[in-house]
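Input sequences plus hints: build the corresponding full structure.
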Amino acid sequence: MANLHVRSNSLPSKSHPIVTDVEDQLCRLRSSEGTSTSATSVPATLASLRDLHEGINNLIMMPSTQEALCHENSEKWTNNLLEESLGLVDLCGFARDVLSLTKGSLQDLQSSIRRNRGEIATADDMNAYMTSRKKINKMVNKFIKNSKVFNQNPTAFSNEDSDIKAIVTMLKETEAFDVSVLKSVLILMSGERGSSKKRRWSLLSKFARTSRVHSEVEKSVVLSTCAHSTSRSQGKICKMS
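When you line the sequence shown up against this note's numbering, it's residues 29 to 269, in that order.
Note that these hints are calculated values from the structure, not bench results.
Think of the CB as a built atom: it goes at the ideal place given N, C-alpha and C, for glycine as much as any other residue.
Hints may contain errors.
[Unchecked claim] Simulated DEER-style distance windows between Cβ atoms: (1) His44 / Ala75: 20 to 26 Å; (2) Met90 / Arg142: 50 to 56 Å; (3) Met158 / Asn85: 38 to 44 Å; (4) Asp136 / His99: 31 to 37 Å; (5) Lys176 / Ser66: 22 to 28 Å; (6) Ser59 / Arg143: 42 to 48 Å; (7) Asn86 / Ala151: 50 to 56 Å; (8) Glu82 / Gly121: 17 to 23 Å; (9) Met89 / Thr159: 44 to 50 Å; (10) Thr48 / Lys173: 32 to 38 Å; (11) Gln135 / Pro91: 44 to 50 Å.
[What the hints assert, rightly or not] Simulated pairs of lysine-lysine, DSS-like, Cα-Cα distance not exceeding 25 Å: (12) Lys163 / Lys131; (13) Lys173 / Lys163; (14) Lys163 / Lys200; (15) Lys176 / Lys163; (16) Lys211 / Lys131; (17) Lys131 / Lys104; (18) Lys162 / Lys200; (19) Lys176 / Lys166; (20) Lys173 / Lys162; (21) Lys176 / Lys104; (22) Lys173 / Lys131; (23) Lys104 / Lys163; (24) Lys211 / Lys200.
Shown next, in the form of structure tokens:
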């Protein structure tokens, strides 16, 4: 992902606290790229993503940023960002469905074990759980396929686009992190990584702890990302109208 080294006449300078905060958050997420996603690392990653969203929101709401986004030379970039933001909202809704189904299947399994006073769940309940897992895996694969449409083409700027270059680069990098984090978390939850029978039964034995992680994911990543994308889209629509 591109680093930012751009000064703009209309946008706040890199020394501005809001810009510095956004770049710090982007740097923190860049440094975590390539590391394996685990149940223990998810909360920290989600917290970093949430902080980045807050910083981006603050940056977008600054008068100088609004002025740059509304400039006639920026129309093609604002339209592109608006379209991608709406697409990201759709992906977040899709991820929310996956998370809700995962949470429900775990709760059903938990109820079965409670009915058996802490013993193993019944064969029917186990089969129902595994059927649900297969459905979730198919949904995750569909999500991964749909997420590939984001940031496929490099962002090219002409000289007259210099005022908008920094903010567009930040927003596109944020979108890339949104999709990347959603994808990593959903792959983790679906059990696609290390999907051997031994690992799957190990995951089943730890379903209570995993359920808490799912709840944290659902509240943090999907709701936060959706709220940020919707806010960003509404802001641009208001300013462009």
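Looking at the structure, which of the earlier hints fail to hold? Hints 4, 14, 17, 18, 23 not satisfied by this model.
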